[in-house]
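**Q** Protein chains in written order, with my numbering: chain V, 40 to 365; chain S, 3 to 166; chain Y, 7 to 747.
Keep in mind that the hints were calculated from the coordinates and are not lab data.
One or more of the hints may lead you astray.
Some chain V residues well away from chain S (every beta-carbon gap over 10 Å; in silico) [stated by the list, open to error]:
| no. | residue |
| --- | --- |
| 1 | 43 |
| 2 | 44 |
| 3 | 84 |
| 4 | 88 |
| 5 | 122 |
| 6 | 127 |
| 7 | 194 |
| 8 | 223 |
| 9 | 226 |
| 10 | 260 |
| 11 | 273 |
| 12 | 288 |
Below 25 Å or equal to it, Euclidean Cα-Cα: the simulated SDA-like pairs (lysine to any residue) are [said to hold, decoys possible]:
| no. | chain 1 | residue 1 | chain 2 | residue 2 |
| --- | --- | --- | --- | --- |
| 13 | Y | 30 | S | 31 |
| 14 | Y | 350 | V | 182 |
| 15 | Y | 642 | S | 100 |
| 16 | S | 18 | V | 85 |
| 17 | Y | 60 | V | 163 |
| 18 | Y | 642 | S | 159 |
| 19 | Y | 642 | S | 155 |
| 20 | Y | 60 | S | 14 |
| 21 | Y | 642 | S | 31 |
| 22 | Y | 642 | S | 85 |
| 23 | Y | 642 | S | 25 |
| 24 | S | 9 | V | 219 |
| 25 | Y | 350 | V | 180 |
| 26 | Y | 30 | S | 163 |
| 27 | Y | 642 | Y | 664 |
| 28 | S | 9 | V | 163 |
| 29 | S | 9 | V | 182 |
| 30 | S | 18 | V | 90 |
| 31 | Y | 30 | S | 14 |
| 32 | S | 9 | V | 41 |
| 33 | S | 9 | V | 251 |
| 34 | S | 18 | S | 85 |
| 35 | Y | 60 | V | 91 |
| 36 | S | 9 | V | 91 |
Derived list of chain Y stretches under chain S, where covered just means 3 residues or more per stretch with a C-beta under 8 Å from a C-beta of chain S [said to hold, decoys possible]:
| no. | stretch |
| --- | --- |
| 37 | 29 to 38 |
| 38 | 193 to 202 |
| 39 | 298 to 306 |
| 40 | 479 to 491 |
Values in this document were obtained by computation on a predicted structure and should not be read as measured data.
Yeah, the Cβ is synthetic: ideal placement off N, Cα and C, and Gly gets one too.
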Amino acid sequence: MHAMSYARVGDVASALAEGADPDSRFLAGGTTEVDMLRIGVARERRLIDINDLPLNTIEDLPGGGLRLGALARMSDVAATPSVRERFPMLVQALELGASAQLRNMASMGGNMMQRVRCGYFREAGMPCNKREPGSGCAAQGGFHRGHAVLGTSEHCFATHPSDVAVALVALDAVIHLQGRYGERAMPLEDFFLQPGDAPEREHPIEHGELITAIEVPAAPVARTSLYWKVRDRESYEFALVSAAVAATVTNGVIREVRLALGGVATRPWRARAAEQMLTGGPAISDAFEAAASAELAPAVPHPQNAFKIELAKRTIVRVLERVSAA
Amino acid sequence: MDGPLEKIERGPEPAKLSLSVNGATLVAEVEPRASLLDTLRETLDLTGTKKGCNQGACGACTVWVDGRRVVSCLTLAVACEGREVTTIEGLVEHPMQEAFLSCDALQCGYCTPGQIMSAVKLLEEGHAGNDAEIAEWMSGNLCRCAAYPHIRQAIREVRDGEHQ
Amino acid sequence: MTTTLIGQPVTRVDGHAKVTGAAKYTAEISLPGMRHAVIAGSEIPAGRITGIDKSRAMAEPGVLAVLTHEDLPKVATQPVLTLSLAGTVAHGQSFFPMQDPVIHYAGQPVAIVVGETLDAATRGAELLDVTYERTESITVIDEGRDRSYVPEKILAGLAPGEMGRGDVAAGLAAAELTVEATFTFSANHQNPLEMSASVASWDDGQLTLWDATHGPTATQMTVASLLGIPASRIRVITRFVGGSFGAKAMIWAHPTLAAMTAQIMHRPIKLALTREQMFTGCGLREDNEQTITLGAAADGRLTAIRHEKLSITSAYDDWAEPALSGSGELYACDNFAAVYHLIKGNTMTPTFMRGPGETAGLAVLECAMDELAERAGLDPVELRVRNHADVDPVSGRPWSSKGLKECYERGAELIGWGDRDPRPGMRRDGDWLIGMGMATAIYPVYPLMNPQRARARLYADGTAVIQTAASDIGTGAATVLTQIAAEGLGLPLEMVRVEYGDTSLPFLAASVGSTGSTAGGNAVHLAATGLREQLVAQAVQDEGSPLHGADPELVDVVDGVMVGPSGSESYGEMLGRNFVPETEYLGTYQHRVDDEHALLNFGAQFAEVAVDAALGVVRVRRMAGVFAPGRVLNQKTARSQLMGGMIWGLSQALLEASHMDPRFGRWANPSLGDYLVPVNADVPEVMVETVEVDDPFINPLGIKGIGEIGMVGMAGAIANAVYNATGRRVRSFPITIESLL
C-alpha cells in the first residue's frame with residue numbers, strides 16, 4: 040500500500056471542503072476502501088475519515104418509509120425493529136451479506152460504493168478495463184464463473200457484489216448526495232451504471248460528493264418479502280444468484296410485485312420485465328417460469344457462467360413460490 | 003480523545019498515535035497506512051491478534067473497536083484514535099476461553115483468538131439462540147483445522163452458564 | 007505399569023497459551039534491530055528476467071535494499087527433491103530460486119525487498135519494475151495432454167511410476183460386470199491459517215532461525231545444505247505452528263532466503279509470505295484426471311482393477327501424489343494395474359496436502375465401487391465386505407491389525423444406514439433431496455527411516471522435563487507426549503513438562519504422513535520408561551533406600567513414588583539424599599522393519615447430504631467416521647483431528663478449487679474469499695468413533711496415526727450420497743452447483 044495522509048473531520052461542511060482535493064477519498068467503514076488501497080486499485084494519497092459525521096441515524100419516516108443515514112452500519116440497520124417488521128427482505132439481504140464483523144464495520148453508503156470481485160480487477164498487471172481503461176477484459180476467456188450475464192458489455196461483465204443494494208433497488212430506494220454546491224437525490228437504481236464502454240465509471244457521483252442517506256419509501260408490499268441467496272458455501276460468500284422479492288397476492292392473483300436480482304448482473308438488477316408480466320396475473324408456477332424466462336432472455340452467457348441463467352430462473356421461481364404461499 | 007470532535011490530521015510520515023488498547027493508553031508511531039492489525043502485532047507487540055489473510059476474508063484478526071467485533075486488517079490504526087480497542091490480551095479468564103479449552107474447540111490455535119473475540123460478542127449480540135444461529139453468526143471466522151462443531155459446543159456451554 | 011494416562015481426554019497442554027493469545031507463532035517473533043523482508047514473485051510462468059529496475063522501489067521511504075538473483079549468494083548444493091519423511095534434508099523441489107534469470111513458474115521469487123517496516127517493504131515490492139521475456143507455458147492438463155510420459159519413479163524415487171499384479175486384461179475378460187469412469191480433481195492449496203514465515207538472525211557465524219514447519223530438524227538440515235554450513239551452526243525454533251496440512255511439510259525457499267537476506271543486511275530479518283504467496287510458495291495438490299476400470303463377477307467380487315492418473319509436475323521433478331497405490335491395497339483382487347502419467351509444466355513441484363494420494367485416489371475407487379454395488383444389486387457396505395482383503399493383496403502377508411469390518415458395522419449403525427433407500431432420488435424433505443453414501447478409508451503406515459530421539463530428565467524436586475525436537479502443528483503432539491512421558495515415568499501430568507520445537511533438543515524427524523505420534527511417542531516412551539528403570543535400578547542398589555535389594559520388576563511407580571514389596575520412596579527423596587540435582591535418559595526409537603506383516607490404517611466414512619432439487623445446492627447434514635488407527639493416545643485431541651480430517655473431506659468434495667488461468671499461467675483466485683474452505687455454517691455435527699485394535703507389531707505403542715485417515719474416503723462418501731439423493735454421478739471434484747442443475 041502506498042503512503043498516504045489522513046484527516047478526520049467532524050461535520051459535513053469540513054468533509055466536503057477536504058474532499059474537494061482531487062487526490063483525496065472518503066473513508067467510512069473501510070471494508071472496501073482499505074482493501075482497494077492494499078491491492079493497489081485505489082490510488083488516492085489522502086483519506087478523509089468521515090466516520091464522525093452525524094450521518095448514522097436510522098429514522099422511520101411518516102407513512103412507513105425509512106431514512107438510513109449513509110454512515111449507519113449494516114448491522115445496525117438490520118437490527119432495527121421497524122426495519123425488521125416492515126422490510127424483511129432488506130434485513131435478510133443485510134444479514135446474508137459478508138460476515139458479522141464486516142457488517143459491524145461497513146456503512147450503508149459504502150456498501151453502495153462496493154467494488155467488483157473480479158479477480159482480474161483485483162490483480163495488478165492483468166488487463167482490466169475497469170482498472171486500466173482500454174487495457175482489455177481478461178475475464179473474457181478467463182476465469183469468470185462468478186461473472187454477470189445481465190447488463191454486460193464486451194468491455195466488462197464483472198458482477199456487482201452487493202446484497203442489500205438488490206433489496207433496496209427492489210424497494211425503489213432513493214439515494215441522497217451532497218456536494219459543495221448543493222444536494223441532490225436520485226433513484227438508487229440510477230446510481231449504478233452499467234459498464235457499457237466506460238466500465239471505469241460506476242456511479243454518477245462527482246469527486247468529493249458525499250452520500251448522505253438512502254431513503255426507502257413506504258412499501259406495504261414489502262411486509263411479505265424475501266431475499267434468497269444461492270452460493271457454494273452456506274455463509275460468508277458472495278452470491279452466485281440472489282433474488283429479492285416482495286409480493287401481495289390476493290385470491291391467487293398477484294396484485295403487486297417487486298423483484299430484483301443479485302449475483303447475475305453488472306448492477307443490482309431490477310427485474311422489470313418479470314414484474315410487468317407477473318402483475319395482475321395468477322400466482323402459479325407457470326407464470327413464474329414465464330416471467331423468469333422473459334427477464335433472463337437478454338442474458339449473455341460465457342462458458343463458465345452460463346449456468347447462472349438457468350439458476351437465476353429457478354431462483355426467481357423459488358422466491359415467487361415462497362412469497363406467494365406466505 | 004475527550005470533548006468535541008476536532009479535526010485530526012496525520013501523515014503521510016509516521017505519527018505518534020495515542021491508542022486506547024485493553025484499557026491502557028499506548029503510543030504507536032506508525033504511518034496512516036498502517037492497519038490496526040499490523041500496528042498491534044508489529045509495533046505494540048500485541049501478537050494475540052492473528053493475521054490469516056490480510057484480505058478481510060478469514061476473521062483471524064477479529065478485535066473489538068468501541069465494543070463491536072470488527073476485522074483489524076481492514077481497519078486503519080489511525081482511525082482508532084479516540085476509540086476503544088480490545089484484543090484477546092484484554093480478556094482475562096473469560097469463561098469462553100475456558101470453554102474453548104475444555105471442549106477442544108481449537109487445534110493449531112491460530113484462529114482461536116479471533117474465534118473467541120467473535121464468540122464473546124455473539125453472546126452479547128444475542129445470536130446464540132440455537133446451533134444454526136451460532137453457526138451462521140460465527141461464519142466470519144474460518145478455522146482451517148475445522149474445529150467448528152466444538153466451537154459451537156463451547157459457545158453453547160457458555161451461553162448455558164456452564165463455565166462461570 | 008498401569009495404563010492411566012495414555013488415551014485419556016487430557017486438555018491440550020499448550021491450549022492456555024492459545025486461548026489467551028500468549029502463544030507466539032513464527033511471524034510474531036520480534037528481535038532488536040529486526041527488519042522486514044518481502045518476496046516479489048514472477049508475474050510470468052515461463053521465460054526469463056530481462057531487467058530489474060530497482061529505482062522506484064529504492065526511492066520509497068523506508069526501503070533499505072532490493073536483492074535480486076544478481077545479489078544473492080549461490081546455493082552450496084543444488085537441491086534434490088527429498089521427502090521430509092526421510093528425516094534428512096527436505097527440499098520441496100529440485101530448484102532454488104534467485105540463482106539465475108530463468109523463470110519456471112509464476113510467483114517464483116525474483117527479488118527480496120527489505121524495509122524498515124512491513125508496509126515499506128511491501129510497497130517496495132509493489133514498485134519493483136521487472137521486465138520479462140515470456141516463453142510458451144503449460145499450466146493446465148489440456149495444454150500438455152499430448153506430451154505426457156510415464157515416470158520411472160514418483161515421490162522422490164520412493165514409488166514406482168507403474169505397478170500391478172496378475173493380469174488385468176484377463177480379469178476384465180472374465181468379468182461379468184464392469185465399471186469404467188474418468189474423474190477430474192481441481193488443484194488445491196493447503197492454506198493453513200498461519201502463513202509460512204521465517205525469522206533469521208546471525209550471531210558470530212551462528213544462525214538462529216524461527217520457522218513455521220513440521221520439522222525444525224528438516225529446516226535445519228535443508229538450510230545447512232543450501233548455505234553450505236554445518237547443521238551444528240544452525241538452531242531452528244518452531245514453538246507454535248498455525249496449521250500446515252502439508253504446506254509446511256517440506257522446506258521451501260523462504261527460510262533460506264531469510265537467512266541469506268539477514269546475512270547480507272547484517273540484521274535479523276523477518277520474512278512472511280502473504281496469503282497470495284501461499285498459492286505459489288509451498289507447493290500444491292496438483293489438479294489431475296483419473297480413470298478407473300473395475301471388473302467383477304456377478305456376485306460383486308472384483309476380478310480386475312485398473313487405475314490411471316494424469317497430472318502436471320514441475321519442469322524438474324517427477325511428482326505425482328500417490329493416488330493409485332490404495333486401489334491395489336484395499337480389496338482382495340488378483341489383477342491390478344496402475345500407471346501414473348505426468349506432464350512437465352510451469353508449476354512449482356506439487357507437494358503433500360492432507361491425505362496425500364489416498365484422498366483423491368480413494369474418492370475414485372470408492373465412487374466406482376458405489377456404481378459397481380448398484381450394478382450388482384448389492385448394498386455398498388455388503389459389496390465392500392465381500393471384497394474384504396483378509397490378507398494384504400500386495401504382499402500376501404497378514405495385516406498387523408485391521409478392524410475394518412468393525413468400522414463398517416459401527417459406522418452404518420451411527421448414520422442409520424438401514425434407513426437408506428438404494429434407489430436414488432427417493433427421499434425428500436421439502437426442497438431437498440436426501441441421500442446417503444459411504445466409502446472406505448485407508449492410509450499407509452509410513453516407516454521412519456532414522457533413529458528418533460527424546461530425552462527425559464528428572465529433577466530432585468520430583469518434576470520432569472521431556473525434550474525432543476518435535477513440532478506441534480496443531481495435532482496435539484505436545485499433549486500426548488506429556489501423557490506418554492507421565493505414564494512412562496509414573497508421574498502425575500502436572501509434574502511433567504515437554505520441551506519441543508527446537509533443534510537444540512534431541513533429533514526427531516518432521517511430523518509428516520501421520521507419523522508424528524509414532525516418532526515422538528515411541529521416542530518419549532522409551533526415554534521415560536528408560537529413565538524410570540534407571541531410577542528404580544539406582545534405588546534398589548542404594549543402601550539408604552527403603553527399596554534396597556528389591557527386585558526391580560516388582561517395583562511400581564505411582565505419582566513419583568517408587569513402591570517396592572517392602573518399602574517406598576519418591577524419586578525426589580532418593581535423588582536428594584544422594585545430592586543428585588537431576589538425572590536423565592536418552593531414548594532412541596529405531597523403527598524395526600517387520601517383514602512378516604502388512605501395515606495399513608483403516609476406517610469407514612458415511613455421509614448424509616441434502617441437495618436442493620431445483621437449485622443444485624449441496625449441504626452435508628450428517629457425517630459419521632469410524633476408524634481403527636491403533637492405539638489412541640488422547641481421546642479428545644484424536645477426536646478433533648479425525649473430525650477435522652472428515653471436514654477436510656467435505657471441503658474437498660464440495661468447495662476447494664484453485665483455478666489456473668493458462669493464458670497468464672497464474673492462479674485466478676489466490677485469496678481466502680475466492681478459494682473456498684468451509685465456514686462454520688457448512689459443517690454439521692460429526693460423529694467420530696474409533697475401533698480399538700491391538701497392534702503388537704507396528705511399534706511399541708501400537709500407533710498407526712490419525713492425521714490423514716479422517717479425510718480419506720469422505721469425498722467419495724459424499725459423492726455417493728449426492729448420487730443417492732439425485733441419481734447423478736458427478737465425477738468432477740469439487741462437486742458444484744452447476745454440475746447438479
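**Q** Checking each numbered hint in turn, tell me which of them this model violates, lowest number first.
**A** 1, 2, 3, 4, 11, 21, 22, 23, 26, 27, 28, 29, 31, 35, 39
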